[in-house]
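The lines below spell out each chain.
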Amino acid sequence: MESAFEDINLAEFMSVCIYLSEECGKIIRHVSESGDLKTIAKGVENPVTIADIRVQKTLEENLKILYPTLNVQGEESKESMEGIESIVKPDSITASVKKFVTSEFLNKKHHERRDFIEN
Amino acid sequence: MIWIDPLDGTNDFVKGNLPAVTVLIGLSIKGFSRAGIVHNPFHVDDLTKGQTFFGSAEHGVFQIAHTKEMTAQDLFTREINYLQPFDMLKEPAEDHSIKVAASLTHFSEQMSSIIKTIEPVEICRMGGAGNKCNNLAIGNVDCYIHPSPGLCYWDLCAPESLVKGMGGYATNLA
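First to last, the sequence lines map onto chains P and L.
The opening residue of the first sequence carries number 1 in this note's numbering; numbering runs sequentially from there.
The opening residue of the second sequence carries number 120 in this note's numbering; numbering runs sequentially from there.
There may be inaccurate statements among the hints.
What the hints assert, rightly or not - Covered by chain P, per the in silico footprint, the following chain L stretches (three or more residues, Cβ under 8 Å): (1) 129–142; (2) 150–158; (3) 197–210; (4) 234–241; (5) 244–252; (6) 260–273.
Unchecked claim - Derived lysine to aspartate or glutamate pairs resembling EDC-like cross-links, with alpha carbons at most 20 Å apart: (7) P:K26 - L:D164; (8) L:K209 - P:D115; (9) P:K42 - P:E79; (10) P:K109 - L:E177; (11) L:K168 - L:E198; (12) P:K99 - P:E23; (13) L:K134 - P:E33; (14) P:K108 - L:E177; (15) P:K38 - L:D131; (16) P:K26 - L:D165; (17) P:K98 - P:D7; (18) L:K134 - P:D36; (19) L:K168 - P:E23; (20) P:K98 - L:D193; (21) P:K108 - L:E198; (22) P:K26 - L:D131; (23) P:K78 - P:D91; (24) L:K187 - P:E33; (25) P:K109 - L:E198; (26) L:K149 - P:E82; (27) P:K42 - L:D131; (28) P:K98 - P:E6; (29) P:K64 - P:E12; (30) L:K134 - P:E45; (31) L:K168 - P:E33; (32) L:K149 - L:E177; (33) P:K26 - L:E188; (34) P:K99 - L:E198; (35) P:K26 - P:D91; (36) L:K209 - P:E118; (37) L:K149 - P:E6; (38) P:K98 - L:E198; (39) L:K187 - P:E6; (40) P:K99 - L:D193.
Just so you know, these hints were derived from the structure itself, not from any lab.
Everything numeric in this text was worked out from a predicted model, so none of it was measured.
Glycine included, every Cβ here is placed at the ideal spot set by N, Cα and C.
Next comes chain L alone, as it looks inside the complex:
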């Protein structure tokens, strides 16, 4: 089963918040997310550049650069960067605030109060479910919490596979 979100973060796309936009293709086998491809057409540091992440728990997560100027030959020979998975044995610093990615557009008092039960916490509001998972996979945030209905398989299958590839976990709160 392939789950597609053709343009995750449409709200942000419409508002011009382009780095939040991702194209998500996830492969699910017997109900489990197993492999994902996440393309980010507008890099947060340089909107003229893009990047693509792909991977699985078995093979790890890889990052490749993409620009529209690249020739077919450039694309076939570009470097594939392996992202070092999370070091589960490393203890965070005493004063480390847990960085939580949370929704930019669907954010309620209730969500805020649930997330604030974590102490000390730093809430990083950002657009796009795929984009939030990506930030989690590359280690910019420690977790992504969405204590509200609204996420669908097409939002999650691809980026969840990357989170698993980094050694992370995905779960529901129930």
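The shape of chain P in the complex, shown without the other chains:
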């Protein structure tokens, strides 16, 4: 059986999440501009729109492919995402996307903050 552990590089993880969240921002902007939010009421003062569903599908699917050992839990239910496709394709997450934030950068910032963290 394969081990359920793998090392995940934090700088790469952050770079991927920045890319995905910004692509999802475009989905939200697009739905907002279309004027057709397809709002459904989940409860009192608790609506859900097509943007919520599309964004969650996009984030969940890509993160699960890239980081199969991490649990991903989002606000929207599995049922609500049936038939919805991810807007971002995994092959668009290129090496350049993954190295936007580098380990060297984070390590340097961590080093500079040592006094602040210790106090």
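Once you've looked at the hints, dock chain L against the given chain P.
Chain L in isolation, oriented as in the chain P frame:
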């Protein structure tokens, strides 16, 4: 464990209060929020622009600009701004009112009376849990109080990590 709120502030989104909307991705390790990415697609000063915050207690909090016109090259080479953490030694002015971020849609008499036990206080009602934490992280308000059930891990994991990165604290009232 990754906690996702695909569109925090849906109430505000539906009502057209777009700056309150955020996309939240939080990384939690052994039950503690450790790193967060918060994207704000509609900047409060200019709705055509967006911004993203990311960080952790270990590395600090960073802010980057985002617009839909940016090319891939622009995105890879844009400036990453480090936000100076809170200065814990600085005393506030004598007459400083404590600015408290509080809910726009879920706001009750009870919440109001709890928050008003702080004196002097200025209550800043704003939408979106992620948005309120963001305003806290960038220093627009001094704290965010939600004395009511209803906040979930997906609301808190990412923005709480940023608050920690600025040197702030997150706690429950119990």
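Flag every earlier hint the structure violates by its number, smallest first. 4, 5, 23, 26 and 39
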